[in-house]
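Undergrad: Given next are the chains, with one letter for each unit.
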Amino acid sequence: MAEKQIDNMKSYGLMNLVKGKTPAIQKDPYEMVMSWPHLLFREVVLFLIVLTVIMGMSILFNAPLEEMADPKNTPNPAKAPWYFLGLQEALSWGPPVLGGIVFPTLLAVLLLAVPYLDRTRDGIGVWFHPKRRTVNILFAMGLTFWFGLIIVGTFLRGPSWDFYWFWEAWPVH
Amino acid sequence: MSRVADLLFANRVWKSVFRHGYPSNPRNRAEVMFQNVFLHIQSVKVFKRSLKVSATFGLGLILAYLFLLLTLTGFLLMFYYVPEVHRAYADMKDLEFAVSFGVVLRNMHRWAAHAMVLFTFLHMARVFFTGAYKAPREFNWVIGIILLIITLFLSLSGYLLPWDQLAYWAITIVSNLIRTTPPADIMGAGASYLVLGGTQIGQNTLIRFYVMHVFGLPAICGLLMVVHFWRIRKDGGLARPDESNIPLR
Ligand code: HEM
Numbered sequence: 094m095a096e097k098q099i100d101n102m103k104s105y106g107l108m109n110l111v112k113g114k115t116p117a118i119q120k121d122p123y124e125m126v127m128s129w130p131h132l133l134f135r136e137v138v139l140f141l142i143v144l145t146v147i148m149g150m151s152i153l154f155n156a157p158l159e160e161m162a163d164p165k166n167t168p169n170p171a172k173a174p175w176y177f178l179g180l181q182e183a184l185s186w187g188p189p190v191l192g193g194i195v196f197p198t199l200l201a202v203l204l205l206a207v208p209y210l211d212r213t214r215d216g217i218g219v220w221f222h223p224k225r226r227t228v229n230i231l232f233a234m235g236l237t238f239w240f241g242l243i244i245v246g247t248f249l250r251g252p253s254w255d256f257y258w259f260w261e262a263w264p265v266h
Numbered sequence: 259m260s261r262v263a264d265l266l267f268a269n270r271v272w273k274s275v276f277r278h279g280y281p282s283n284p285r286n287r288a289e290v291m292f293q294n295v296f297l298h299i300q301s302v303k304v305f306k307r308s309l310k311v312s313a314t315f316g317l318g319l320i321l322a323y324l325f326l327l328l329t330l331t332g333f334l335l336m337f338y339y340v341p342e343v344h345r346a347y348a349d350m351k352d353l354e355f356a357v358s359f360g361v362v363l364r365n366m367h368r369w370a371a372h373a374m375v376l377f378t379f380l381h382m383a384r385v386f387f388t389g390a391y392k393a394p395r396e397f398n399w400v401i402g403i404i405l406l407i408i409t410l411f412l413s414l415s416g417y418l419l420p421w422d423q424l425a426y427w428a429i430t431i432v433s434n435l436i437r438t439t440p441p442a443d444i445m446g447a448g449a450s451y452l453v454l455g456g457t458q459i460g461q462n463t464l465i466r467f468y469v470m471h472v473f474g475l476p477a478i479c480g481l482l483m484v485v486h487f488w489r490i491r492k493d494g495g496l497a498r499p500d501e502s503n504i505p506l507r
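So the protein lines, in turn, are chains V and S.
Remember, the numbering used here sits 93 above the position in the first sequence when you count from 1.
Remember, the numbering used here sits 258 above the position in the second sequence when you count from 1.
Hints listed in this document are in silico derivations from the structure and should not be mistaken for laboratory results.
Backbone N, C-alpha and C fix where the C-beta goes; we use that ideal spot for every residue, glycine too.
A couple of the hints might just be wrong.
To be verified - Just so you have them, the derived chain V footprint on chain S, three or more residues with Cβ under 8 Å:
{"#": "1", "segment": "307–316"}
{"#": "2", "segment": "412–421"}
{"#": "3", "segment": "431–445"}
All chains, please: the whole structure from these sequences, using the hints.
TA: Next comes the structure, spelled out in structure tokens:
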């Protein structure tokens with residue numbers, strides 16, 4: 094009977110943890126803590142923060158809902174959701190294929206290729222490492238351009254996609 | 259106090275579920291991470307520096323939580339919303355005026371969706387500016403970009419569902435855009451037919467967007483997130499400065 098039970102039992106398991114250093118070459122001694130509770134506690138706190146903020150916003154501000162969809166009544170200007178307004182703005186600059194298809198495709202391919210283009214080992218895990226200045230500036234310029242387009246598309250485009258400053262009123266009719 | 263703890267955590271039912279005592283000593287704290295399928299995606303130990311707020315600003319985790327909230331609120335919204343062109347808009351109105359807390363439910367779904375798009379960009383910027391995409395994390399960056407694109411499409415597919423003017427004309431713009439894919443009379447026309455389920459936005463479009471929004475895209479997104487998290491663990495945790503001294507490949 095006793096033998097049979099041993100057969101069915103896992104014959105190995107975690108017995109104890111020993112304090113000490115892990116053997117590692119070319120590395121500083123690891124400074125590690127147990128995920129439970131150090132990581133998990135922070136995760137729970139962050140969840141509560143996210144939940145509170147989203148709930149708070151939802152109690153204070155209502156999501157937009159306009160008139161029912163009407164194919165015969167075209168709003169002017171008609172705008173895509175904000176995250177696509179950069180594209181809609183780029184679209185208005187030249188042939189739609191360039192702004193709407195070629196530009197975003199190139200952008201996506203470029204983003205996917207980032208880790209394969211930059212093969213250096215500089216500044217891993219360090220914010221704005223001086224050795225990464227050029228790539229950081231390039232990326233920041235890219236982000237600024239993208240969000241710049243979104244801001245123009247969202248706030249500075251009026252009827253017929255004409256340009257209006259923040260303080261300029263759109264023409265009535 | 260410890261007798262209460264014993265009663266709670268040292269009984270047979272607790273042991274049958276968790277197989278170890280409450281994680282109050284190092285061994286049980288390791289066991290809980292090993293044994294629990296949900297926790298096992300994370301490592302037993304983490305680097306102290308990865309826990310600092312400034313290491314990540316929690317942006318990735320915020321994204322995961324927003325996705326969770328969107329799944330929960332979306333699940334509840336599905337009880338009240340029917341993707342039918344004569345009904346969809348009325349259902350939105352009902353959510354606002356007839357369903358208890360319907361308006362808060364809808365708002366939560368909407369604001370969390372906007373936040374998710376915004377935070378994907380912030381998280382991407384964090385990863386870039388900390389050089390965290392370098393080997394061995396190249397592929398996790400690639401998964402991230404795919405997640406970014408899927409997040410955009412998730413948001414877009416949801417945008418049509420209220421069936422109001424905002425929804426209808428936003429999707430009109432996007433479908434006009436798809437139509438320009440060269441060669442326009444083959445690819446463009448074909449792609450827009452595929453997306454709209456016809457030549458113009460109508461019932462076929464609504465059901466296509468709905469199915470993609472409540473099943474297709476979230477399924478892919480959730481799956482990729484799991485891979486994304488698993489890769490973080492397999493890549494040795496979050497990026498650390500001492501990795502710069504290790505030449506790879
Ligand atoms: C949309 C959903 C996404 C979710 C839920 C997500 C989640 C996470 C989480 C929880 C982490 C752990 C560290 C942290 O919290 O920052 C992480 C790290 C990472 N993410 Fe994402 N992420 C998403 C999108 C992206 C995008 C768009 C990119 C990049 C283009 C990306 C690339 C990475 C990389 C390379 C890491 C490892 C960073 C490091 O080792 O320091 N992820 N992600």
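Undergrad: Mind checking, does the segment 431–445 of chain S have 3 or more residues with a CB under 8 Å from chain V?
TA: Contact hint for the segment 431–445 of chain S vs chain V: holds, 8 residues under 8 Å.
Undergrad: Verify this for me: three or more residues of the segment 412–421 of chain S with a beta carbon less than 8 Å from a beta carbon of chain V.
TA: Coverage by chain V holds here, the residue count being 5 at a Cβ distance below 8 Å.
Undergrad: How does the coverage statement for the segment 307–316 of chain S fare against chain V, requiring three or more residues with Cβ below 8 Å from a Cβ of that chain?
TA: The restraint on the segment 307–316 of chain S holds, since 5 of its residues have a Cβ under 8 Å from chain V and three suffice.
Every hint, counting from the list given before, is met by this structure.
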